[in-house]
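Colleague: Residue numbers (our numbering), protein chains in the order written: chain P, 1 to 168; chain F, 1001 to 1392.
Source of the hints: derived by calculation from the structure; they are not laboratory data.
Beta carbons are placed, not taken as given, at the ideal position from N, Cα and C, and that holds for glycine.
A few of these clues could be false.
If you want the footprint, here are the derived chain F segments under chain P, 3+ residues with CB under 8 angstroms [to be verified]: (1) 1042-1048; (2) 1226-1234; (3) 1311-1325.
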Amino acid sequence: MTDPTDALVGQLGAGVVEQTRFRDERTLVVDKAHLEPALDAAFGLGFTVLTDLTAVDRHPGVPRFEVVYLLTSLVPPARLRLKVRVADGETVPSATGRWPGANWLEREVYDLFGIRFDGHPDLTRILMPDDWEGYPLRKDFALVEEPVQFIGHTPKVPSQIIPKSKQP
Amino acid sequence: MSELTRETLVLNMGPQHPATHGVLRVLLELEGEAIVGAEPVIGYLHTGFEKEMETRTYHQNIVFPPRIEYLATFIEEQAYVLAVEKLLGISAPPRATMIRLILAELSRIASHLVYLGTGAMDLNVSSLLMYCFRDREEILDIFEMVSGQRMMHGYFRIGGLQWDVPTGFTERVRTFLKTFPSRLDEFETLLTDNLIWRERTEGVAVLSAEEALRYGCTGPLLRGSGVSYDVRKAFPYGGYDEFTFDVPVGVAGDAFDRYRVRMEEMRQSLRIVGQALDRLPEGPVLIDDRKVALPPRGELVRSMEAVIHQFKLVSEGIHPPAGEVYAAVESPRGEKGYYIVSDGSNRPWRVRVRSPSFNNLQALPVMLAHGSVADVVVAIASIDIVLGDVDR
Chain P
1 MTDPTDALVG QLGAGVVEQT RFRDERTLVV DKAHLEPALD AAFGLGFTVL
51 TDLTAVDRHP GVPRFEVVYL LTSLVPPARL RLKVRVADGE TVPSATGRWP
101 GANWLEREVY DLFGIRFDGH PDLTRILMPD DWEGYPLRKD FALVEEPVQF
151 IGHTPKVPSQ IIPKSKQP
Chain F
1001 MSELTRETLV LNMGPQHPAT HGVLRVLLEL EGEAIVGAEP VIGYLHTGFE
1051 KEMETRTYHQ NIVFPPRIEY LATFIEEQAY VLAVEKLLGI SAPPRATMIR
1101 LILAELSRIA SHLVYLGTGA MDLNVSSLLM YCFRDREEIL DIFEMVSGQR
1151 MMHGYFRIGG LQWDVPTGFT ERVRTFLKTF PSRLDEFETL LTDNLIWRER
1201 TEGVAVLSAE EALRYGCTGP LLRGSGVSYD VRKAFPYGGY DEFTFDVPVG
1251 VAGDAFDRYR VRMEEMRQSL RIVGQALDRL PEGPVLIDDR KVALPPRGEL
1301 VRSMEAVIHQ FKLVSEGIHP PAGEVYAAVE SPRGEKGYYI VSDGSNRPWR
1351 VRVRSPSFNN LQALPVMLAH GSVADVVVAI ASIDIVLGDV DR
């Protein structure tokens, strides 16, 4: 049986910017103009369920954000990860037309990353308070202690007792 | 009837309401008793777990999953450690995998018992809550015996388990397996043939299979609508492909079918646990990879190398390769997934918790359409939401 992901890559042609396979999971990065055709084509190939929609901040990488669509095919069981890369301030077409379930997922991405979706019916904050400033899951949104009234105490990022390290 | 009397009333149900199972607010637009519109308002329990997990090492992060979803704690831990193990390309020893599976299935029963007890209490069957919690206590006692904690265990480790199960564990679980089926029968005689229960749940909060799929619903909510999708069968993990069990599905997609699906799932869980106990292998419960798992205590006094490994693991943690994985498990509420992006450092670059309750709750307005205000509690109870899981 042919892999539906291969069929999708064939259909999209130059729209696929990058494809990776890691631990048997396929990831396709498509350019923004090809996002909607890609989602349509994936739907046609049986990936009919939008399991998850989220984003990753690649700061200081450029373009800054990746919006990640995790699609699932029920019969036969298969998964596909589609990604689109956008810069800060750029918008992404909304998937709410095809999947009403994308509504809250896109609101969450907007709430926590500040990525706007074109054509979303009600793009407002969902988890954070309405008057919150900033987008908490951005890498430059510092996680700090609440100020306390002790003398000589500088607020620090909590729980970073173990410093970040790379494998040599 | 004049136009004036047809105006609608907006009612705030929650955030503090006993039938919302946490802090959920539902904005209801009512015309008399009939629901014209409904909108769930969430976020009251948002604690920023995803952000927190970016600041800690992989091993430290084990404390978060059971706090995100506090009813089926072992399933949450299983989801997270499986994701990290996939990222590392390792798997736990067979005995650890099997113990995880037994504890996960017991967690599923414990969680469904809370659904049953509170869901029935919302419809004023208050005695059932006591019975359900009596049996849930027995499961929690087993958990305490194994991990030292009734909830928030932190017992699973990347690459295995903290320690082996104590003596008497299998006997205790077997005793539970013997007593519980008759208790389930008791619950069913109380509810399944109960006229009031059936009148209040049959044909109420109906969700069609198409709508459920469009909203990304999973778990008993989707299976109650007749779609046989179970992560344990579709994308087997943690040894489930070695067991025989059925995936119960409903027909009508109403609250009653979801109840039936969950009752049958508990019986299937017992079946899985019974099989797993029969073939529980002997052997280690933690992987023998010193770059991932802590060396045993006894080695530290004899081997300098073990001390170095211990020190490196505690002071730096593990370094998975750069990449991204998604690992999903079947939680009592549906597909629970962890999407972890690693940049090769000792902390995850991004952890995304795909929570089933979030997607399931989104379909609430569809279920409530053309319903009456008394059905709201039935609908919320039948989704079996955990607000910690919705808001994360």
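Colleague: Hint by hint, say whether it matches the structure.
Modeller: Consistency of the hints with the structure:
| no. | hint | verdict |
| --- | --- | --- |
| 1 | 1042-1048 | holds (count 4) |
| 2 | 1226-1234 | holds (count 3) |
| 3 | 1311-1325 | holds (count 7) |
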